[in-house]
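Undergrad: Construct the entire structure; sequences and hints are all you get.
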Amino acid sequence: MTMEKIEFTAEISDRLDRLVAENTGLSRSGAVRLIENGLVTVDGKNAEKKTVVKEGSLVEVTIPDAEETEIVPENIPLDIVYEDSDLLVVNKPKGMVVHPAAGHYSGTLVNALMFHCGDSLSGINGELRPGIVHRIDRDTSGLLMVAKNDLAHIGLSEQIKAHSFTREYQAVVCGCIKENGTVNAPIGRHKTDRKKMCVTAENSREAVTHYSVIKNYAGYTHLSVSLETGRTHQIRVHLSYIGHPVAGDEVYGNGKPKWLCGQCLHAKKVGFVHPRTGEYMEFSSELPDYFVRFLREIDK
Numbered sequence: 003m004t005m006e007k008i009e010f011t012a013e014i015s016d017r018l019d020r021l022v023a024e025n026t027g028l029s030r031s032g033a034v035r036l037i038e039n040g041l042v043t044v045d046g047k048n049a050e051k052k053t054v055v056k057e058g059s060l061v062e063v064t065i066p067d068a069e070e071t072e073i074v075p076e077n078i079p080l081d082i083v084y085e086d087s088d089l090l091v092v093n094k095p096k097g098m099v100v101h102p103a104a105g106h107y108s109g110t111l112v113n114a115l116m117f118h119c120g121d122s123l124s125g126i127n128g129e130l131r132p133g134i135v136h137r138i139d140r141d142t143s144g145l146l147m148v149a150k151n152d153l154a155h156i157g158l159s160e161q162i163k164a165h166s167f168t169r170e171y172q173a174v175v176c177g178c179i180k181e182n183g184t185v186n187a188p189i190g191r192h193k194t195d196r197k198k199m200c201v202t203a204e205n206s207r208e209a210v211t212h213y214s215v216i217k218n219y220a221g222y223t224h225l226s227v228s229l230e231t232g233r234t235h236q237i238r239v240h241l242s243y244i245g246h247p248v249a250g251d252e253v254y255g256n257g258k259p260k261w262l263c264g265q266c267l268h269a270k271k272v273g274f275v276h277p278r279t280g281e282y283m284e285f286s287s288e289l290p291d292y293f294v295r296f297l298r299e300i301d302k
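Its first residue numbered 3, the sequence shown is counted upward by one per residue in this note's numbering.
These are computed hints drawn from the structure, not numbers from a lab.
Please note that the accuracy of each hint is not assured.
Simulated restraints on C-beta separations [as the list claims (entries may be wrong)]:
{"hint": "1", "residue 1": "LYS56", "residue 2": "CYS178", "range": "32 to 40 Å"}
{"hint": "2", "residue 1": "ASN218", "residue 2": "GLU62", "range": "48 to 56 Å"}
{"hint": "3", "residue 1": "ARG278", "residue 2": "TYR219", "range": "40 to 48 Å"}
{"hint": "4", "residue 1": "GLY40", "residue 2": "ASP81", "range": "40 to 48 Å"}
{"hint": "5", "residue 1": "HIS276", "residue 2": "HIS192", "range": "23 to 31 Å"}
{"hint": "6", "residue 1": "CYS178", "residue 2": "PRO75", "range": "42 to 50 Å"}
{"hint": "7", "residue 1": "TYR84", "residue 2": "SER226", "range": "29 to 37 Å"}
{"hint": "8", "residue 1": "ILE244", "residue 2": "ASN48", "range": "24 to 32 Å"}
{"hint": "9", "residue 1": "TYR282", "residue 2": "GLY177", "range": "29 to 37 Å"}
Straight-line C-alpha distance at most 25 Å; calculated DSS-like pairs for lysine-lysine [stated by the list, open to error]:
{"hint": "10", "residue 1": "LYS163", "residue 2": "LYS56"}
{"hint": "11", "residue 1": "LYS260", "residue 2": "LYS302"}
{"hint": "12", "residue 1": "LYS7", "residue 2": "LYS163"}
{"hint": "13", "residue 1": "LYS180", "residue 2": "LYS7"}
{"hint": "14", "residue 1": "LYS163", "residue 2": "LYS271"}
{"hint": "15", "residue 1": "LYS180", "residue 2": "LYS51"}
{"hint": "16", "residue 1": "LYS52", "residue 2": "LYS198"}
{"hint": "17", "residue 1": "LYS52", "residue 2": "LYS7"}
The beta-carbon is built from N, C-alpha and C at its ideal position, and this holds for glycine as well.
TA: Here it is as structure tokens:
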């Protein structure tokens, strides 16, 4: 595998580690690792992760060969919606963590992918996240894309950055929403609880969420939700911000209602241009059993 080089011009003034993560599809920790190893330059010079890059500056990122992974492949069944030599589309079940992290080093989607794909996963996101282009929360079910090589990873990441990647979700939220709407409110890290995100003007990024009403129930609303941007916990934060948290969301909502274990949020559709063929591809999944059961209960 040859080294990859990504160049981009900073569209806004921001910290270097955030800009690198935003423009490459890397995790923040992956971006920091490259910066600390001297593999990122700003206008031809090395910089620290907290360096505030000026708008218009040229940032060059060198992606080294993939590190030898220490993840243990596990024979965990995968619901594969589509697969070719470049990528997969996987329907992740509720409760499965996407990649290994503190407290979750086994049973993750990556462990299952390592068993299924062997060495055929992109290495851009480092040894703990091979193939992972974007994520969904542990308690969110649904579709996500996996890159088998760096060409696919870069091509898909560029679409995410350009907001040309289709992402549609379905959610059940608390309260009654009568009309379709849009939430346009910046999201950043919570000041006191670093595990949470919030709507804030400080150290935040643009976030836009569109929602439309599918059906009203007593005390709940079934929504279709689409994203223009892809901030961490975006749907959960935005819907909570407008007073209609996702049902079952114990972090941003009102706790766990009867008949529901975890949040009622499903990534129902993904669409993208195939990075090799240029063909637009779109995939949809059925609502999972837990979601359907909850709708039946609240319909009573």
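Undergrad: Next step is simple, just say for each hint if it's right about the structure.
TA: Quick rundown of the hints versus the structure:
1. The hinted window of 32 to 40 Å between LYS56 and CYS178 is violated, with their beta carbons roughly 47 Å apart.
2. Checked against the hint of 48 to 56 Å, the C-beta distance between ASN218 and GLU62 comes to roughly 52 Å, which is consistent with it.
3. Taken as a hint, the range 40 to 48 Å holds for the pair ARG278 and TYR219, whose Cβ atoms sit roughly 44 Å apart.
4. Separated by about 41 Å at the C-beta atoms, GLY40 and ASP81 satisfy the suggested range of 40 to 48 Å.
5. Between HIS276 and HIS192 the C-beta distance comes to about 37 Å, which lies outside the given range of 23 to 31 Å.
6. A hinted range of 42 to 50 Å for the beta carbons of CYS178 and PRO75 is consistent with their spacing of about 47 Å.
7. Restraint check, TYR84 to SER226: a C-beta distance of roughly 22 Å breaks the suggested window 29 to 37 Å.
8. Judged by the Cβ atoms, the range 24 to 32 Å given for ILE244 and ASN48 is violated: they are separated by roughly 43 Å.
9. In this structure the supplied range 29 to 37 Å holds for TYR282 paired with GLY177, their Cβ-Cβ distance being about 36 Å.
10. Restraint check for LYS163 and LYS56: satisfied, since their Cα atoms lie roughly 19 Å apart, inside the 25 Å limit.
11. Of the pairs offered as hints, the one joining LYS260 and LYS302 holds, with about 13 Å between alpha carbons and a cut-off of 25 Å not exceeded.
12. Distance hint between LYS7 and LYS163 is fulfilled; the C-alpha atoms sit about 17 Å from each other, no more than 25 Å.
13. For the suggested pair LYS180 and LYS7, the alpha carbons sit about 48 Å apart, so the restraint of at most 25 Å is broken.
14. A distance of roughly 18 Å separates the Cα atoms of LYS163 and LYS271; the hinted pair therefore holds under the 25 Å criterion.
15. Taking the CA atoms of LYS180 and LYS51, the gap is near 45 Å; set against the 25 Å cutoff, the hint is violated.
16. Simply put, LYS52 and LYS198 have alpha-carbon atoms about 21 Å apart, close enough for the 25 Å limit, and the pair holds.
17. A hinted pair counts as satisfied when its Cα atoms are at most 25 Å apart, and LYS52 with LYS7 qualifies at roughly 21 Å.
Checked against the numbered hints given earlier, the structure breaks hints 1, 5, 7, 8, 13, 15 and satisfies all the rest.
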